[in-house]
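For chain A, the structure is supplied; the task is to place chain B on it using the hints.
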Amino acid sequence: MKQGFYGILPFAIGAAAYGFAFGILAAQTGYPWWGVALMSFSAHAGASQIVAVERFAVDGLVIGSALAGIALNLRYLGIIASLGGILKNVPLWQKLIAIHITGDESWALTMAKNARDPTIGAPFLMGSGLTLIVTWTVSTALGALLGQTMPDLASYGLGFAFTAAFIAMARAMWHGPQNMVPWVATFLITVLLVKLGVESAYAILLGSLAGVAVAALLRQRKTKKGEEMP
Amino acid sequence: MTFDHWLLIGVLALGTYSLRLAGLIGGQAILRNAKLKVLLDDLPGCLIVALVATSLADAAPLTWIAAAFALGIAIVTNNVVITMALGFAAMFAMRYFGVGG
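Chains as they are written, first to last, in our numbering: chain A, 1 to 230; chain B, 1 to 101.
Fair warning: there could be bad hints in the mix.
Unchecked claim - In the DSS-like style, the derived pairs of lysine-lysine whose C-alpha atoms are separated by at most 30 Å in a straight line are:
1) K88/A - K37/B
2) K35/B - K95/A
3) K113/A - K2/A
The set of hints was computed from the structure by calculation and includes no laboratory data.
All figures in this text were calculated on a predicted structure; none of them were measured in a lab.
Isolated chain A, as found in the complex (with noise of 0.2 Å):
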């Protein structure tokens, strides 16, 4: 356990950075330190959180900015389903809190060693994790407490912060050229639906759905032309 709280320090001064910033845009968005803290403790979903924020502070549509975090962290279906090997013989109560605590870098990290020495397994998974969600409560709630002090952002065009970051989420999601085409075709007809007027959470959804419908057709047409070669 004490391996992994030690391990993953480096990775969770870069949470602690990006939970930082976190912190100021929720404060400006009307969240008291400790409701961010709060947030962050109990929803532990980094980038979900991010966007909920930020669509609550657009639409003020709670439902929908809800869903639209969470179906940003769908990826943890995949992730937790990983670990079965790792958390088989962990009693159940510490299985639900290491899924809670798990976070992308520490998945990540116990994956790897785990690969390279298999006695590598759910303490140090405990370790790196209570280690990532106690820096991300604490480096939030602080980004918060500051946010409270600072001036009106929102009139300097504050709401950007939140597009530069999904840019940059963006940019760390590209995995090559084969997301070209159905991100752009999500991007157009996005664009495409907003402006014909459809409400902008039902537009994010629609609008993904077919860059996935997309993607799912290209990787079809790859495939049988790989099955046509002789």
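Showing chain B alone in chain A's frame:
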């Protein structure tokens, strides 16, 4: 904090934990389902692009310029915090000095 602020925290916390729990219970079945795997791979990226698109759809040219700048920063640094900070700084500077619409 309003009721809606509380509700957002509650729904988000419940939703994200449910996903994690489903991953724990569904386990290997999820990993073996090719269609679900494709959805899990493709949806997050498309969702983020759609979020950017809704932010820009009705925005002034100034915001598009700032977005192009932020995209450049993101491509070079691949860092969320730096892109947020410089993107907002560019927007702030353009508004402060009265550039664009």
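A quick look at each hint next to the structure:
1. K88/A - K37/B: 22 Å, holds
2. K35/B - K95/A: Satisfied, since the Cα-Cα distance of roughly 27 Å is no more than 30 Å.
3. K113/A - K2/A: 14 Å, holds
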